[in-house]
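2 protein chains.
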Amino acid sequence: MSPTLTAKAPRRPPSKQVPDKDTAPMNATAAKLLVAAGDLMIERNSTEVSLSEIAQKSGVNAALVKYHFGNKDGLLLALLARDAASEMANLAFVLDQPISPTEKMRRHIAGIINAYYRVPYLSRLIHLLLHQGSEETSKEVHRFFINPLFDFVRGLLEQGVEAGEFRKVDPALFYISLNGACDNLFYGRQMNARFLGSKGITDEVRRQYIGHMTTLFLGGLLTDKAGMPSDMERPSTAKT
Amino acid sequence: MSPTLTAKAPRRPPSKQVPDKDTAPMNATAAKLLVAAGDLMIERNSTEVSLSEIAQKSGVNAALVKYHFGNKDGLLLALLARDAASEMANLAFVLDQPISPTEKMRRHIAGIINAYYRVPYLSRLIHLLLHQGSEETSKEVHRFFINPLFDFVRGLLEQGVEAGEFRKVDPALFYISLNGACDNLFYGRQMNARFLGSKGITDEVRRQYIGHMTTLFLGGLLTDKAGMPSDMERPSTAKT
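So the sequence lines, in the order shown, correspond to chains A and B.
The first sequence lines up with residues -16 to 223 when you count with my numbering.
The second sequence lines up with residues -16 to 223 when you count with my numbering.
Don't read these hints as lab results, they were simulated from the structure.
Take the hints with a grain of salt, since some may be wrong.
A pair holds if it fits inside one copy or across any two, identical chains being indistinguishable in the list.
[Said to hold, decoys possible] Derived pair list, reagent style SDA-like, types lysine to any residue, alpha-carbon separation capped at 25 Å:
| id | residue 1 | residue 2 |
| --- | --- | --- |
| 1 | Lys182 | Leu34 |
| 2 | Lys182 | Thr120 |
| 3 | Lys15 | Glu141 |
| 4 | Lys122 | Glu31 |
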């Protein structure tokens, strides 16, 4: 395996310049602004919302946005941190659970898809921060979101190989393919409407995609498919 | 399987309003403008190029952009059509080849990744047209690009099930997961630099990703892994 692909993602301590917003208790006014931002994105089915619109909807003076978050990227980062908080907190817990690596991976795949489903703007918010934000913003997304997720996947893949359940795969390539596949259902929402029918991503589609992704990725990862629970061996069961 | 997920993607004849740019022979001036647009995107490592910059680089009068393509979306659509032309022309040919469905799927996966690799802006161009273009632009991308690709995948999945090589999967969900996974290596280029090393997507990474994706997706798709060629059974062979 190439050393370039197994390089450890940099794990650095929280930067001194950036307050650790994802763990510090949140001020009530700041929380109000985040609620308004999330609600606006859901109402509009778009992440294009301005600071003045957010301030107006929350009833908070626009000047306080700057006070609490510095700028718009700061507010969007805090929104991502809020929405991903429970998943991120859960990662270390899942890794230590007394269940098989296969079962952990299954829960992880379902967890990603459920998070995107529950927060309809999550996928677009991540794209916005990574592709249109500053270098500093992108680094911050990596610090509290992408790096911990990648570390979790790498740790889980190691557990699976040690247990003899997973074949050896490159963690970076696996991470990229898993997240790209999960994201594409949601990011390409309008685009996928043609394939998914006019109702879009219903709860049934969510369940079907979890079944599809679990069978596909575990099928490609497991050393022995016979080890899969029966509802994963027969996709027709998982999908109806 | 849910009927909403197996609905046939609309296959309509080329619209009368939109000239069939993807098959008509191209005017030399129009071709020059496309070369300039593609070169600029590669030089800048960005799809953000203005019409006047494209005109200037090509040495063509800016007024002719409007004459040949109508507007910027028209030019970008023609660029996508040009860059995807050989892959699109190849689809029908591959489906009729006297090789197994497994081998066809293997070539298709490699074909997608190679296309993204060969044209460094391709992934971002598709995102730009689908997510920031007009409704009409998105429809046009579907007409000459997405619908034929989806039809190909659906046809290939049917062939594989008939041959007893593939288990039955929903073609829409499979299409979404395959394309999302392939795209994510390239679209998240800057983002993935942390995982892939500072050299980014080298030819070695391209080969490794083809090996990874082929093993993963065929592993999840095939009814019997023993039917895979030996270089797919052992990912370590494909990846070094």
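Verification of the hints:
1. For a Cα distance limit of 25 Å, the shortest separation of Lys182 from Leu34 qualifies neither inside one copy, at 31 Å, nor across copies, at 38 Å.
2. Taking CA atoms no more than 25 Å apart as the test, Lys182 paired with Thr120 passes between copies only; the shortest distance there is 22 Å, against 34 Å inside one copy.
3. Neither within a single protomer nor between protomers do Lys15 and Glu141 lie at most 25 Å apart by alpha-carbon distance, with minima of 41 Å and 51 Å respectively.
4. With identical chains, the CA atoms of Lys122 and Glu31 are at most 25 Å apart both within one copy (22 Å) and between copies (22 Å).
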